[in-house]
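Asks: Residues per chain, in single letters:
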Amino acid sequence: MFGVYKHYGRKKALRDINLDIYEGEFVFVSGPSGAGKSTLLKLLYLGEVVSQGQILVDGVNLSRIFSKRIPFLRRKFGIVFQDYKLISSKTVFDNVALVLEAMGHKRRFIQKKVNSVLRSVGLEDRYNSYPLSLSGGEQQKIAVARAIIGDPKIILADEPTGSLDAKSANIIFELLKRFHRRGGTVIVATHDMELIRRNKGRIFYLDKGFI
Amino acid sequence: MITLFLRRAIKDLIQNRFLNIVTVTTIALSVLIVSAFILFFVNINDMIDSWKKGIRIMAYLKSDSSLIKPGDIEKKIRLMDGVTNTRFIPKLDALIKLQKQMKRQSSLFTTLKENPLPDAFEIRMTRQAVNNKKIEHLAKQIEALPSVDEVEYGQSWIGRYINIIHLFKLTGYALSCLFFIAAIFIVANTIRLVLYSRQEEVEIMRLVGAEDRFIKAPLYIEGLILGALGGIIGMLALYMTFFYISSNMKQHLASGFFDIRFFPHEISCGLILCCMFVGWFGCFLSLRQFWATNKRN
Ligand SMILES: Nc1ncnc2c1ncn2[C@@H]1O[C@H](COP(=O)(O)OP(=O)(O)O)[C@@H](O)[C@H]1O
Ligand SMILES: [Mg+2]
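Residue numbers (the working numbering), protein chains in the order written: chain A, 1 to 211; chain B, 1001 to 1297.
The hints are simulated quantities; they were obtained by calculation from the structure and are not laboratory data.
Here are the simulated distance ranges between beta carbons:
1) Val1022(B) <-> Arg64(A): 42 to 48 Å
2) Ala1237(B) <-> Val49(A): 50 to 56 Å
3) Lys106(A) <-> Cys1269(B): 34 to 40 Å
4) Thr91(A) <-> Pro1264(B): 43 to 49 Å
5) Asp20(A) <-> Ile1021(B): 54 to 60 Å
6) Val49(A) <-> Val1022(B): 37 to 43 Å
7) Ile1267(B) <-> Phe72(A): 43 to 49 Å
8) Ser133(A) <-> Arg1007(B): 22 to 28 Å
9) Gly24(A) <-> Val1022(B): 51 to 57 Å
Virtual Cβ for every residue (Gly too), placed ideally from N, Cα, C.
Bound-form chain A, shown alone:
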């Protein structure tokens, strides 16, 4: 990121952000709420467009990308949204499978892969439930499962342990770490300093849009 600004109307959410994140890094973006952490992540997957400045992701300049390529950009990311963004009319299985379906994988493969990923987050007995019938923590785990299932290069996790008890938070973090050990890049946005202290990783501290 070079000289990135983001305004929402007249509200300045990010100001003059310059940072490099390398492949295979584990990075925390921290700061009080309202600091602009979520905004920073949104800019990366084009959930929002920068107001000023340049962002390069894996060599691609986001302000120059063709809209047809956006889906492929997003497939480089596995995203754990702050509000989960699960589709309430689809089952857990379908929610997670969606990523692979969109990539055009075969049904047989999808079935196997979804089962194994759900098992790794400990929700293998839930795949026929609907998201709203699950607890917040369970929904967050599904969101993580969906983020890792497509074998992305980078995981963006926005408050991934926000609504989890310590034990579940650990399970989630173990998953992120495992992804990291296998060479993936992880970017976690969190205001939870305790969490950061217990884990290794580079830290960017945001406050009022400044780094």
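Please build the complex by placing chain B with the ligands on the supplied structure of chain A, with the hints as guidance.
Replies: For chain B with the ligands alone, kept in the frame of chain A given last:
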């Protein structure tokens, strides 16, 4: 991939079954009305055609005009606008024909000293000429010829009805167009409602890397299925109504006189294809609108 889209389309159709039943019903009704009109006109046209073929002008020649060669008059008549064919019927032929028709009263003829019938021309016209004003005009022209005594054009009362039928036809076209457009908008609206009820879902799909066509394809399939279902149901309803009416009519009319028919299968298929197009186009319209309002990047 296609089976996936198909599966998703069918799932969606079932999920929104109420909305979809309403849509299919409206399409079916539109088809029913449009095709009923078509059916009506196919049969009316048949009737008009057969009537038109029967329409002719008879021109009776003056009995003392034997000096004039019938060939000359014939030439003149043939040159008139709208005339396709003329046939000279000498009075002898006419008499023989009459005798044949009235065998029982043949004694009547034996008392005749001379043939009371005039020579005549039977004149047939092009289809376009078979309408009230033109026939009248033509008849006047022929009557004005020096050796023509009298002109007769029976069955021209049809001409009066042809205008009404034309008016009817126009109404039919207008109504068909109206229903066609209405059907498109209804499908568009259905798909739009489906889309808006799933705005969030569409948004999420895009965020996890789904291409637009991945999201759109099942909707197009839904549109096509809605159209096809509506078309098939509408045609079936029409066919059953037709069958019911025609079998009733045959009993009453002793048939033969009216030969009503269902239109050929090509038209049925065409109509169903038309419906599928309606479904597709409705989908296209609402997707375009939805994408325009929801495109953030
Ligand atoms: N869509 C939006 N429209 C307007 N303002 C927004 C929007 N999203 C975020 N903001 C504002 O931008 C600032 C940063 O928000 P955010 O990135 O969500 O913070 P954090 O995730 O660090 O809590 C906040 O003050 C918030 O009110
Ligand atoms: Mg946030």
